[in-house]
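Construct the complete structure from the given sequences, taking the supplied hints into account.
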Amino acid sequence: MKTISIDDLSSLSSQAEQSPRKRMNRNLHSELSDPIQRLAIAMEPDTYIRPHRHLNSWELLTPLRGRFVVLTFDDDGVVIGRAVLGEGVCVVETPAATWHAVLSLDTGGVIFEVKHGPYAPFKEEDFASWSPSADDDAQKELMHWFRDAEVGHRWSGCGVR
Numbered sequence: 229m230k231t232i233s234i235d236d237l238s239s240l241s242s243q244a245e246q247s248p249r250k251r252m253n254r255n256l257h258s259e260l261s262d263p264i265q266r267l268a269i270a271m272e273p274d275t276y277i278r279p280h281r282h283l284n285s286w287e288l289l290t291p292l293r294g295r296f297v298v299l300t301f302d303d304d305g306v307v308i309g310r311a312v313l314g315e316g317v318c319v320v321e322t323p324a325a326t327w328h329a330v331l332s333l334d335t336g337g338v339i340f341e342v343k344h345g346p347y348a349p350f351k352e353e354d355f356a357s358w359s360p361s362a363d364d365d366a367q368k369e370l371m372h373w374f375r376d377a378e379v380g381h382r383w384s385g386c387g388v389r
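So the mapping is simple: my numbering equals the position in the sequence shown, first residue as 1, plus 228.
Hints were generated in silico from the structure; no laboratory data involved.
Don't take each hint at face value.
[Claimed, not checked] Calculated pairs, EDC-like style, for lysine to aspartate or glutamate (alpha carbon to alpha carbon, straight line, at most 20 Å): (1) K250 <-> D365; (2) K343 <-> D354; (3) K250 <-> E272; (4) K343 <-> E321; (5) K343 <-> E259.
[Claimed, not checked] Label pairs and their in silico Cβ distance ranges: (6) S247 <-> A348: 17 to 23 Å; (7) E315 <-> L256: 21 to 27 Å; (8) D365 <-> L260: 28 to 34 Å.
Glycine residues also receive a C-beta, built at the ideal position from the N, C-alpha and C atoms.
Shown next as structure tokens:
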């Protein structure tokens, strides 16, 4: 039997706080080649999850601790879906090939993710072309925009368009 305890969540959050990327995961799947990936991800509010898509897999998210904004986008960066996990919403499933991003709203937040494997590192084409890279300071503005972005809003590089 595999478990994740409350103490495990606290430890994972502490590791995320120490990490340069401000996130840390604990896998329940045994191998990166497993056909279904299952993992708890501690995410601090200042971690950047660049808008991306998984061409061949849906993604299921549920909060274990804290709140998370989940946004889906069309190809042009217009928000087509918004949910706040942990605030009235318990589970979000993003369809395959859908642009999406996640923002942690709370320090110590931990989300649980399930998706098809095997694990494959992201390639540049997996990221939305309209979104800044992780080393671009504009990503901080985008993360701030994520907090309040609503359906119909479009990221323009400096707010809503």
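D365 and L260, beta-carbon distance inside 28 to 34 Å?
-> holds (32 Å)
If you draw a straight line from the CA of K250 to the CA of E272, is it 20 Å or shorter?
-> holds (5 Å)
Decide if the proposed pair is consistent with the structure: K343 and D354, CA atoms, cutoff 20 Å inclusive.
-> holds (15 Å)
State, for the Cβ atoms of S247 and A348, whether the hinted interval 17 to 23 Å holds or is violated.
-> holds (22 Å)
Is the hinted range of 21 to 27 Å satisfied by the C-beta distance from E315 to L256?
-> holds (25 Å)
Measure nothing beyond the straight line between the CA atoms of K343 and E259; if it is 20 Å or shorter, mark the hint as holding.
-> Roughly 14 Å between the alpha carbons, so the hint for K343 and E259 holds.
Assess, step by step, whether the Cα of K343 is no farther than 20 Å from the Cα of E321, and give holds or violated.
-> holds (10 Å)
Decide if the proposed pair is consistent with the structure: K250 and D365, CA atoms, cutoff 20 Å inclusive.
-> Holds: K250 and D365 sit about 16 Å apart, inside 20 Å.
In summary, the structure agrees with every hint in the numbered list given earlier.
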